[in-house]
Amino acid sequence: MPLRGATCGFCGLLCDDLEIEVEGAALRPVRGACARSEAALAALGAVVDPVPRIAGQPASLDSALTAAAETLRCARRPVIGGLDVDVAGMRSALALAQRIGAVVDHAGGSIKYRNLHALQEFGAITTTFAEARNRADLVLLAGDGWWRRFPRFVERILAPTGAERRIVTLTALDPATRMTLPKQAEVLALDAPLVGLPAVCTMLHALVADRPVQATRLTGVSQPALQRCAEWLRAAKYGVIVWSAADFDWAHAELTVQAIAQLVRTLNATTRFAALPLAGNDADLTANAVQTWQAGVPLPASYANRSVDFDPKRYAWRDVLARGEADLLLWVSSLSAAAPPPVPGIPCVALTRADVGVGAAAHVQIPVATPGIDAAGHLLRSDKVITLRLPRLRESGLPAVSTVLDALLARLALTRC
Amino acid sequence: MLTRLAGARIVDPAHGAQEEVRDLYVRDGRIVDRPRDGERIDRTWDAAGTIAMAGAIDLHTHIGGGKVNIARGLLPELGRQHSLSATDVCGACTIGPAPSTLATGYRYAAMGYTACFEPAMQPVNARQAHMEMGDTPIVDKGAYAMLGNDDFLLRLLADGADRAVIRDYVAWTLHSTQAIGIKVVNAGGISAFKFNQRSLDVDEAHVHYGITPRTILRELARAVHDLGVPHPLHVHSSNLGVPGNVDSTLATIDAAEGLPIHLTHLQFHSYGTEGDRRFSSAAARIAEKVNASPNVSVDVGQIMFGQTVTASGDSMLQYRNARHGRPAKWVVMDIECDAGCGVVPFRYRDRDFVNALQWAIGLELFLLIRDPWRVFLTTDHPNGGPFTSYPHLIKLLMDGSFRKDVLARINPEAAAMTALGSLEREYSLQEIAIMTRAAPARILGLEDHGHLGAGAAANIVIYEPHPDPEVMFATPRWVFKDGELVAERGEVKAVPQGAIHTVKPDFDRGIERRLKTWFEQHHTQSLASFKIDDEEVCECGRAPRLAVHACRARSS
Ligand SMILES: [Zn+2]
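So the sequences go chain by chain: V and B. Residue 154 in the numbering used here sits at position 154 of the first sequence; the count goes up by one each step and never skips. Residue 221 in the numbering used here sits at position 221 of the second sequence; the count goes up by one each step and never skips.
Only chain V is shown next, with the shape it has when bound in the complex (with noise of 0.2 Å):
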């Protein structure tokens, strides 16, 4: 059975040390795989023979495509959602969006948003795997499910030998993942309550910068232990401090970020310290860059009018949907097993992951190639900086999303509506 080398785009932290037996549709992953891939990969070997549907009832590609096209034509407030593709993907996703006038939002957006929105008020000093790999002699770990969307974090980033490391566990850590750290890691467990998060981020800032501050309850934190930790922060030599956005799920998560970011700020005029927030499933980073690139501002954005927007509180792609202001969604989706939202009263085309079913959400179901697997497919890192090309696994047929959506832009040039 043929063993091939795999980067596994299931998480943003691409991993491309994988060994995958290949027999016909079915992946056997022999090594690197995290329980993330793994449940991809069995649910996408178990595939056989997906095809395009109409109305939900098998169709040619050819056929599908020109449903999918009439559909699109006679759209006048279009949405394109999902987005969770490769750079070819994506920049097929917006020549298309140019062309239908379309608002454009990655399904995960707002979650993206809260780190980019702390960006654009703030600013950022950040760092990658590798200066974290091996320089790294203090890491703060911040967050209650990170370890379960990018599994091998500590296995990859942590673990390796190298700087002798401190970690901070701010908020309680997974049993199986503190199992994880290495042995001959010195340990402080604050094991804050998550929504404690932003206070405890800003007593040890004040505590750095020698304001006298007393441990409250918001903190959940004894002050004996947020000393010890500000004690930590400042004898760092190169301090990290890891985040999932994802995790900071409540109001104005933004501003978490941001006293993130004011900490770090703050212990760089005496060390060095960076933030390095986990981020890049469902490729919302590859998304967000190649729209940004493009157009010069990120999403979500409007494309209607022949004009590009960015504006988040307009255009992300839910309270687009839920406040009627859109007349078709078109949902591209090759990674995630996520199906397109059932949106009542409005068509919808879907490209979709091959073992996705959508029922009777969508007008037309295309499956398409899932990047890595049926396709070779580029995809941004967590880190922002790696753009890795995940080869193709297996030869499924299915068509690439940018072959599905450059064959639905070029039946679109032909007729009008």
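Computed, partial: chain B to chain V, Cβ under 7 Å:
1) G79
2) C93
3) L102
4) N196
5) W330
6) E336
7) T524
Straight-line distance between alpha carbons at most 25 Å, and here's what the computed DMTMM-like set of lysine to aspartate or glutamate pairs gives:
8) B:K516 to V:E19
9) B:K329 to V:D210
10) B:K531 to V:D17
11) B:K395 to B:E464
12) V:K237 to B:D201
13) B:K329 to V:D311
14) B:K516 to V:E164
15) B:K395 to B:D371
16) V:K183 to B:E520
17) B:K289 to B:D371
18) B:K516 to V:D17
19) B:K493 to B:D88
20) B:K395 to B:D405
21) B:K531 to V:E19
22) B:K516 to V:E155
23) B:K329 to V:E121
24) V:K237 to B:D159
25) B:K531 to B:D162
26) V:K313 to B:E77
27) B:K516 to B:D162
28) V:K237 to V:E155
29) B:K493 to V:D406
30) V:K237 to B:E204
Just some of the chain B residues that point at chain V, by a computed CB distance under 7 Å:
31) S83
32) G96
33) E132
34) V332
35) Q525
36) S529
Hints listed in this document are in silico derivations from the structure and should not be mistaken for laboratory results. Ideal placement from N, C-alpha and C gives every residue a C-beta, glycine not left out.
Since chain V is already given, all that's left is putting chain B with the ligand on it; use the hints.
Quick look at chain B with the ligand alone, frame taken from chain V:
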């Protein structure tokens, strides 16, 4: 397909200072001497009364790579203020201080530029840089890979590695990242900042590796030279923006030990410490040294008054200068044992003493450096100002009385501290054509660019003479890219994709064994993932072709 451009005055300094009125012929995207016997002319463009030049080349403009994209994401409010509507051939986009890639391609082409070079491609970020350049339409592209702050090279130098090993590593980097040159930014300083060193002079030791910028500069200049890479080592000197940095800039020139080097955005490195404010122009000292050093070429990095954003690999100095930024938000990054970056918005004001003097220092350099073959017209886009200000800059160089008018309006203290008012030199059309066409093509090794001789790519710009050079250069009548009309009077007419320019010097692939181990021990991707091959770069860069330029290895 044969096209004739009839009756333009030809300004083509690569073929001598003689200007003459003659017809140009283009066959299949290339300039030819004359039609073959009996060959039909398919189309004639009446260019009587106009001036023809080769397509302009910007050899230092930050058009691609992560840090420009950070700047776009940081400042959406500036992008939103400058929206470009879609046309039949152009997409909707914005053109703030960090313009979209689409707008960059459209505007460069409309201004008569047909090739642009990204000067600070970080090797680990090379794919994204090529992708951004790929979405920069019309113009040809190329990039310089950044070395000199990467832990691999610093460790080699600290261990006293053989020159051949360093040479192989430099060549391997050019191949693996698909670059046309090598740039060093604040040699050793970006790395030193990761070890909490806050400044690094040319002869100061890196706190961890113990080597000095002088060593890094010398060894990189040597490697680039020995490999026969046409473009000399591209150097962003130490101490960017620091008053008194004239000394480290002069030391940087000496560090090359006579080998070719290109000093970039020299304006930011030509500061003294005289006067009440401890900030003065050292342009005269720098220009004197450059004039006396035939191995040195420079680009100026002129600042232009207005809002812009600086995006530099120099994290150490960007962090240090961030407090001067406006609006007050900025990004600094340490990058992957490879490099760093800093993005800081700036608002240059003519009433501000420092900004006004920076403006004057840039112009002093332009006017005091005598050889137009060795000084290039840049604003270090977007760091000194956006590239769209080039026509205004050309007017400042060509029109002495206009220059004096502007000088009279800037901060009077600054005006009193510059020799600009006494510099009468006015650039000629020939000199502008040299510094924007012939010279950059020559220094990059682009044999078929920057001139209008037979065999050249048919990148031709037709200008209508105008008493105001800014008007003339802002909106040429016609711009042809590879023989195709791409812009007419400022309006984009066609949007082809440009080529990617690279070099591929010979080297010993044995270096990969060492690199593979290094990647396994320190990196977070494999060596195989890092490398970009020809097919992939053309896909990422949406390039119809890869233009590989010749290297002639030299022994030293
Ligand atoms: Zn520059």
